[in-house]
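Take the sequences, apply the hints, and build the full model.
Sequences listed follow chains S and Y, in order. Add 159 to a position in the first sequence, counting from 1, and you land on the number used in the working numbering. Add 186 to a position in the second sequence, counting from 1, and you land on the number used in the working numbering.
No lab work stands behind these hints, which were simulated from the structure alone. A couple of the hints might just be wrong.
For the chain S half of the interface with chain Y, some residues (derived, Cβ under 10 Å), not all of them [claimed, not checked]:
(1) Arg294
(2) Arg331
(3) Asp339
(4) Lys548
Glycine is no exception: its CB is placed at the ideal position from the N, C-alpha and C atoms.
For reference, the chains in residue letters:
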Amino acid sequence: MSVAIDVDAGFLNGIRKIADEFAAVNADDVDRKARFPVEALDALRADGALSALIPTELGGGGISFEAVAAACFELGRRCGSSAMVYAMHQIQIACMTRHLADAPWFEAYLRDVARDQRLIASVTSEVGTGGDLGRSNAAVTPSRDGNATFEKQAPTVSYGLYADDLFTTLRRTPDAEPGDQVIVLTHKDQMTLEQTGTWDPLGMRGTSSPGFVVRAEFSTDQVLPTPFPIVAGESMVPVSHLLWSHLWLGIATDAFDRARAFVRASAKQRPDQVPPTAQRLSHLMSELSLLRAEVNSALRDFTEASATPDRERLSTMASILRFNNLKIAASEQAPRVCQGAMAIGGIVGYKNDTPFSVGRHLRDTMSAPLMIANERIHERNALLLLIAKDV
Amino acid sequence: MDPESGMGERVRHIILQHGRLPTDIQALEDHADLYQAGMTSHASVNLMLALEAEFDIEFPDAMLKRSVFQSVASITDALERLQVSAA
Chain S
160 MSVAIDVDAG
170 FLNGIRKIAD
180 EFAAVNADDV
190 DRKARFPVEA
200 LDALRADGAL
210 SALIPTELGG
220 GGISFEAVAA
230 ACFELGRRCG
240 SSAMVYAMHQ
250 IQIACMTRHL
260 ADAPWFEAYL
270 RDVARDQRLI
280 ASVTSEVGTG
290 GDLGRSNAAV
300 TPSRDGNATF
310 EKQAPTVSYG
320 LYADDLFTTL
330 RRTPDAEPGD
340 QVIVLTHKDQ
350 MTLEQTGTWD
360 PLGMRGTSSP
370 GFVVRAEFST
380 DQVLPTPFPI
390 VAGESMVPVS
400 HLLWSHLWLG
410 IATDAFDRAR
420 AFVRASAKQR
430 PDQVPPTAQR
440 LSHLMSELSL
450 LRAEVNSALR
460 DFTEASATPD
470 RERLSTMASI
480 LRFNNLKIAA
490 SEQAPRVCQG
500 AMAIGGIVGY
510 KNDTPFSVGR
520 HLRDTMSAPL
530 MIANERIHER
540 NALLLLIAKD
550 V
Chain Y
187 MDPESGMGER
197 VRHIILQHGR
207 LPTDIQALED
217 HADLYQAGMT
227 SHASVNLMLA
237 LEAEFDIEFP
247 DAMLKRSVFQ
257 SVASITDALE
267 RLQVSAA
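Structural data, given as structure tokens:
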């Protein structure tokens, strides 16, 4: 136990150093140019952080999920885009390690990820499915030589051009229903990516997420044996909501820290008076602590539910509602905290080039309610509430 | 559990009404996967509500999960467990 804690602590020390020395230093440039945060990702690779969640027996770091969530928080404090790329990669890793089912191809693949620090992006959204993760049009299509192919039209693929491999949801066969999905891992040299759009968004500009038509040819061993609906319910959805929420909390925490730095600077100019902004900072602290409490309690609930036999509790509707609520609450609260921080700093918070700037924080967190649209989640919750008992 | 039992037929009838399957429920075996047959998660909630009404039971949260509503057999099995515990 204490060895595991030491390993986690060492990992997080490394992450904080990368966050300060690489993510923070380049955050404004990444944001301004809407470019991939190559410095932070190179540093994470060099540190072996891309395989943190892979068990040591497969060559990975054997780091706990809690520590990886904390890493997303730490990176989020310095560069939201770097944190989002790291979080999305770890979501794919978690889906594989938690649903490996002893598949030899995937075990060997995870060893490769650990050795080569391969970066994985996901291709889950699809044109024509109305943003529903649980439906696909594109299908695993048998080819003549016993292999398989797919062609998928994806409206966004985050860091698609920078990933070594893609993890793609597809219908199981060309005859399968839209909800009968599998997930397939393909390598860059097995694919072509035809870019179909541009990437000039309000925030999270470094995630570099234009649309693509992805075409691939692959071996059927590259289909994860566990059906995607199970992977989604027990892992992809709750893990996404948890890791995203941790990085949103990180961004909001840095916005709060900048507002506090501004208030302290004002107080030092007139040490005999409490500046009026100090009271607004107190209000903002309450808002931030609500966000932190929800993120922390969700992480605890997830760790406990993951430890139940067969992760039974994670597949219940009560659990789906719980992590949907995390997503809604955190994605609404994070931009609220950033906006509060901007109100405290006033014009120096609004400007992009002061130590108290929080424009990037506000713009980055405004993506949160859109990543799986909150209204869609409410729609799903409304249905589940008709039948779930204890929520 | 007897797949030919009356309960199995009642379950099939409710799936026919509420499961919104693109295929013929009578052509599916008791253990056939209803989700693979095209039952959406939306339809599965309607099915759960209809089953609660038809059998005058309430599924506890621990039973409200995908695997319980995956097939005619798993639903019948769940209903039998509930009625046995209620008796």
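We went through each hint and held it up to the structure:
1. Among the interface hints, the one on Arg294/S holds; its C-beta lies about 8 Å from the nearest C-beta in chain Y, closer than the 10 Å criterion.
2. Given the 10 Å rule on beta carbons, the hint for Arg331/S holds: about 8 Å separates it from the nearest Cβ of chain Y.
3. With a cut of 10 Å, the hint placing Asp339/S at the interface with chain Y holds, because the nearest CB-to-CB distance is about 5 Å.
4. For Lys548/S, the interface hint holds, since its Cβ comes within 10 Å of a Cβ in chain Y; the closest pair sits about 5 Å apart.
Of the numbered hints stated above, none is contradicted by the structure.
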